[in-house]
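First to last, the protein sequences are chains E and D.
Counting from 1, position 98 in the first sequence corresponds to residue 98 in this note's numbering; the numbering is continuous, with no gaps.
Counting from 1, position 290 in the second sequence corresponds to residue 290 in this note's numbering; the numbering is continuous, with no gaps.
Just so you know, these hints were derived from the structure itself, not from any lab.
Take these hints with a grain of salt, some might be off.
[What the hints assert, rightly or not] Distance windows between CB atoms, simulated:
id, chain 1, residue 1, chain 2, residue 2, range
1, E, R33, D, F24, 37 to 43 Å
2, E, M266, D, A83, 28 to 34 Å
3, D, W323, E, N171, 17 to 23 Å
4, E, P183, D, F24, 53 to 59 Å
5, E, N59, D, N147, 39 to 45 Å
6, D, N147, E, M266, 22 to 28 Å
7, E, L250, D, L308, 44 to 50 Å
We treat Cβ as the ideally placed atom computed from N, Cα and C, and that holds for glycine.
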Amino acid sequence: MDYAAVIGIEVLNAIATLLLTSIGLAIVFGMMRVINLAHGEFIMIGGYAAITATSAGINIWISMLIVAPLVVGAVGAVVERCVIRHLYGRMVDTMLATWGLSLLLVGAVTLIFGNTTVGLSSPLGSFAIGGYQVSSYTAFIGAVAIGVTVGLYALLKGTRFGLIARGVMQNPQMAAALGVSPPRIYSVTFTLGAALAGLAGGVLAPITGVVPTIGVAYVAKSFITVIGGGASVLAGTLSASGLFGTVNQLASFATTPVIGEVALLMVAVVLVRLLPQGITGRFFRGRL
Amino acid sequence: MSKHIPLVATLVLGLAAIFVLPAFVEAFTLMELMVYVIMSILALSLGFVWGYGGILCFGQSAFFGLGAYTYAIAAINFGESTAAVGLAIAVPALFALALGYFTFFGRISDVYFGVITLTVTLILFNLVNSTAGEQYRIGSAPLGGFNGIPSIPTLNIPGMPDRVLDPQSLFIVCVILLMLVYLGLRWLLSSHFGRVVVAIRENEKRADLLGYDSRKYKLVTFAIGGGIAGLAGCLFANWGAFTSPTVFSLAQSAQVIIWIIVGGYGTLLGPVVGCFLVQWLTSYAGTLSAINPSLLLGAVLIAFVLLLPRGLVPLLQTAFVRWYPRLLSIKRQPDKAEARDALDRIPLAGTEP
């Protein structure tokens, strides 16, 4: 029974991690049809920002939850202005340019911080379920994932910005005719997506440690989750990370983490083959 | 005559490489050049599949790696390289056929196809990476996991397992194979099949409506590309007598795409030029401690996508076509307007007063 509870917690943890790392990419893809392959590097920079800020004496919670998203959001704004803006509507070119960006960022960060793993000690202790110890930090990650989801839902459904953003997403020409400037909305959206990637990087830094090449580990999985989820930002990412996270953890528990990873990827391939429009192309249509 | 320029140029360059380089160049440089030649074959495979077939494959390294591993395993088991080379081409081609059947016949295109090929590459990388240990072996070949497979028997003269090629001969074989692949692809593209493939890239629906089953053509294109990438992998395993899971890595796939973007999408010369240039640039940057190779590659890729999306070769071709006649001061063909004026000046019979 205790073992089942531990597995359940681990599954939830995998889902929350996947959700956090892909939500930024999902927003950018869902709103702008742009696939940002430098997303993993945004997460990596978030991790470095949190670690640097903490070692500079800033409270660890502030550096993870506030400094990391701010820094990466700023990076995202610059990237949008310099690269992405010139390539709207050219999906493949955007992917290639952001791939180049990802290499560039890896190189730049290696130059600055060196090619070693930097860690941050996990700030919370652990609690016991029967004979098993579970890190309390897991619960914190779950809480952040829930917070991000609820916050985004509120932002998109409840505010004027959300209304305009959804309008631009549905029909940019019509929105422009009504006096909205789509490029400005895109730039805000991209910055928001980058900031969420930074948040994920900051929050995950104590668990994984950070190394310049860590982005690759995230970007492929996030990319698959976003495409698997389909066009709806929240429903898609939630359902896809739910499916993939569960498969990954259960297969890992049954066999090895490598097989768990392979199982996730297999499920993704089959899913994209069966539902090329993603989960939300068939189910939960028209949701956010 | 101008039709044969590429053929003649290829033969001249290739023969020069075969006869001059091994005799005059140091062994170290020759080995480095051999990597460029092998990678050019890999670049050509994606240059064909993506540049002409319009199929953006993010996992060309899957076939490259399969070729390398197939060759390694087969050569260790057989002790003779001829059949191993055949298998190293056939296995990736069949794998591409299976993967292509799975995707093209499900009408999966562009980004979604990219995701699937990327994912398959990751699966292979993960699987091969985790096969460390004695229990993972195929025949007498241990897979070695992240350590890779060392001391692979290299190419021998067909039928004579103890006559192993020395590095100079291996270099010549690589150059000849690169020439064969290049000329073979040129021939294929000028055939009926090649024209249909390009038509499908230009407008898939129109080609379908004209009665060509685009799925089949894409499938064959993809399988040919897979086989060529497998050949490159096989040669790469020969180059160092070693292969490791990095042949499957995303970085490897990314490199191929960068070569094509730099050299020129939609040409066959472009991928080769891009491959040589970028690899030379990378190894040059590796000798400078101030610049990180990955930083440089990234900057190059961004610059090309933003500023020169067509790549170097098409750019030079345009410039060449514009300037070549003037340089040689060849007499220009009169263009249409001039011809019309000339006609107007000819008095027509019967109009004379």
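inquiry  = Which constraints among the numbered hints does this structure fail? Numbers only, ascending.
reply    = 1, 3
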